[in-house]
Amino acid sequence: DAKTTQPPSMDCAEGRAANLPCNHSTISGNEYVYWYRQIHSQGPQYIIHGLKNNETNEMASLIITEDRKSSTLILPHATLRDTAVYYCIVRAPNTGNQFYFGTGTSLTVIP
Amino acid sequence: DGGITQSPKYLFRKEGQNVTLSCEQNLNHDAMYWYRQDPGQGLRLIYYSQIVNDFQKGDIAEGYSVSREKKESFPLTVTSAQKNPTAFYLCASSIGDRGQETQYFGPGTRLLVL
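Taken in order, these protein sequences are the chains called A and B.
Going left to right, the first sequence walks through residues 1 to 111 as my numbering numbers them.
Going left to right, the second sequence walks through residues 1 to 114 as my numbering numbers them.
Since the hints were made in silico from the structure, they are not lab data.
A quick note: this is a predicted structure, and the numbers were derived from the prediction, not measured.
One or more of the hints may lead you astray.
[Unchecked claim] Across the chosen pairs, the derived CB separations fall in these ranges:
id : chain 1 : residue 1 : chain 2 : residue 2 : range
1  : B       : 15        : A       : 72        : 44 to 52 Å
2  : B       : 22        : A       : 59        : 24 to 32 Å
3  : B       : 84        : A       : 67        : 25 to 33 Å
4  : A       : 16        : B       : 40        : 21 to 29 Å
5  : A       : 58        : B       : 15        : 32 to 40 Å
6  : B       : 112       : A       : 63        : 40 to 48 Å
7  : B       : 107       : A       : 21        : 22 to 30 Å
[Said to hold, decoys possible] Among the chain B residues that face chain A by a calculated CB cut under 7 Å, a handful are:
id : residue
8  : 42
9  : 43
10 : 105
11 : 108
The C-beta atom is built at its ideal place from N, Cα and C for all residues, glycine as well.
Isolated chain A, as found in the complex (with noise of 0.2 Å):
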């Protein structure tokens, strides 16, 4: 599976748009990207993931650069139970399902 980069940490102000990149520039054609975030202490929740089209859904809304090399997580209102550490995988499938979770972005909502 390809290997991403994400910056370490981040601040957003809440009620503003937290968009949150990452690289992945040896990503193959059918590998997917997934993005998960973990609360602290608690287990990894999905967020949204997407091959090549941009994906929205209720909580987020996922951006793929056209070259699929890298790609922005975008949380359009961030809230305070939106501070979390957010990871970016991306993953072929039929490879056995295993998901390699790097150290991700931590995102700090400040009010």
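Since chain A is already given, all that's left is putting chain B on it; use the hints.
Chain B in isolation, oriented as in the chain A frame:
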């Protein structure tokens, strides 16, 4: 409610003792996983199981054992051979590996060595 449960939330182990962490899911998922998380680190895969009565080692299986006798249960035993067991243990499940299935995680068990 559907979901993944792990018990206990906190577990204390004495030196040389084996302990078993419970993971149960009622999502009817085929695949189940165990991860270990150390402070400030990402998750590392210990074992996974794609189907009942079958499981494979992950990246850090030494000192651990699992069983998968029922679809809904995937207990993890931390044996005395695991010299540094203090960590946060996470169980996950997914429908399978037929495409882009996501993994759903339990709340975790924190293991501490006395």
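Against the structure, the hints come out as follows:
1. Under the hint 44 to 52 Å, the C-beta atoms of residue 15 of chain B and residue 72 of chain A, about 47 Å apart, fit the expected range.
2. Judged by the Cβ atoms, the range 24 to 32 Å given for residue 22 of chain B and residue 59 of chain A holds: they are separated by roughly 29 Å.
3. Roughly 41 Å separates the CB atoms of residue 84 of chain B and residue 67 of chain A, a value that falls outside the hinted 25 to 33 Å.
4. Taken as a hint, the range 21 to 29 Å holds for the pair residue 16 of chain A and residue 40 of chain B, whose Cβ atoms sit roughly 27 Å apart.
5. Here the CB-CB span from residue 58 of chain A to residue 15 of chain B is close to 47 Å, at odds with the stated 32 to 40 Å.
6. Between residue 112 of chain B and residue 63 of chain A the beta carbon distance is about 41 Å. The supplied range of 40 to 48 Å therefore holds.
7. In this structure the hint that residue 107 of chain B and residue 21 of chain A lie 22 to 30 Å apart at CB holds, the actual value being about 29 Å.
8. A hinted interface residue such as residue 42 of chain B counts as satisfied when its beta carbon comes closer than 7 Å to some beta carbon of chain A; here the least separation is about 4 Å, so the hint holds.
9. Proximity of residue 43 of chain B to chain A holds as hinted, the smallest CB-CB distance being about 4 Å (cut-off 7 Å).
10. Satisfaction of the interface hint for residue 105 of chain B is found here, the shortest Cβ-Cβ separation to chain A being roughly 3 Å, below the 7 Å cut-off.
11. Hint status for residue 108 of chain B: holds, given a least beta-carbon distance of 5 Å to chain A, under 7 Å.
Hints 3 and 5, counting from the list given before, are not met by this structure.
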